[in-house]
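Just so you know, we're using this note's numbering here: the sequence shown kicks off at -12 and counts up by one.
Derived by calculation from the structure, the hints in this document are not laboratory data. This one's a predicted model, so the numbers in the text were calculated from it and none came from an experiment. It is possible that part of the hints are untrue.
Said to hold, decoys possible - Below, a list of computed lysine-lysine pairs in the DSS-like style, where the Cα atoms sit at most 27 Å apart:
no., residue 1, residue 2
1, Lys74, Lys64
2, Lys59, Lys74
3, Lys48, Lys74
4, Lys48, Lys59
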Amino acid sequence: MKSKLNSAFFEKSENSIIFVLELSAMSVQGYEEYLLLRRSVEALIAEHDRLVEMAAQLNNKLSEAERQLAAKEEEVKELKSRYERAKFSGAILGSGEDAVTARRRVSELVREIDKCIALLDR
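Generate the whole structure from the sequences, applying the supplied hints.
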């Protein structure tokens, strides 16, 4: 009887030990999975922070580029205006083809004005 009890006790003890070892292995595996998940989440958070910083830098660069573009567009307008004035001045002062065209146009306008004055005198 004593040997049956000892055998039953050892069998239960052995089963308990196996259960504890399996539970321990599951706990270790669960903890390892937790650590892996935690590392993954930390990596995602770090990547998110990096991307937010990059987006802020890109927005700053975009704002600066837009400001520079507006300044260059204003400069182009000013240069076009100066070019037209210089072109007109050159035409009136008599340089090149533009001068010939301008003189011809001024002559036409003077003739038209003379005709209008003549009509008014009648």
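Legend entry - 27 Å limit on alpha-carbon distance, applied to hinted pair Lys48 and Lys74: violated, 38 Å
Legend entry - Given hint Lys64 paired with Lys74 - CA-CA distance at most 27 Å: Between Lys74 and Lys64 the Cα gap is close to 15 Å, so the pair holds against 27 Å.
Legend entry - Distance restraint between Lys48 and Lys59, which requires alpha-carbon spacing of 27 Å or less: holds, 16 Å
Inset, instruction - With a cut-off of 27 Å on the C-alpha distance, tell me whether Lys59 and Lys74 pass. - result: holds, 22 Å
Hint 3 from the list above is the single one not met by this structure.
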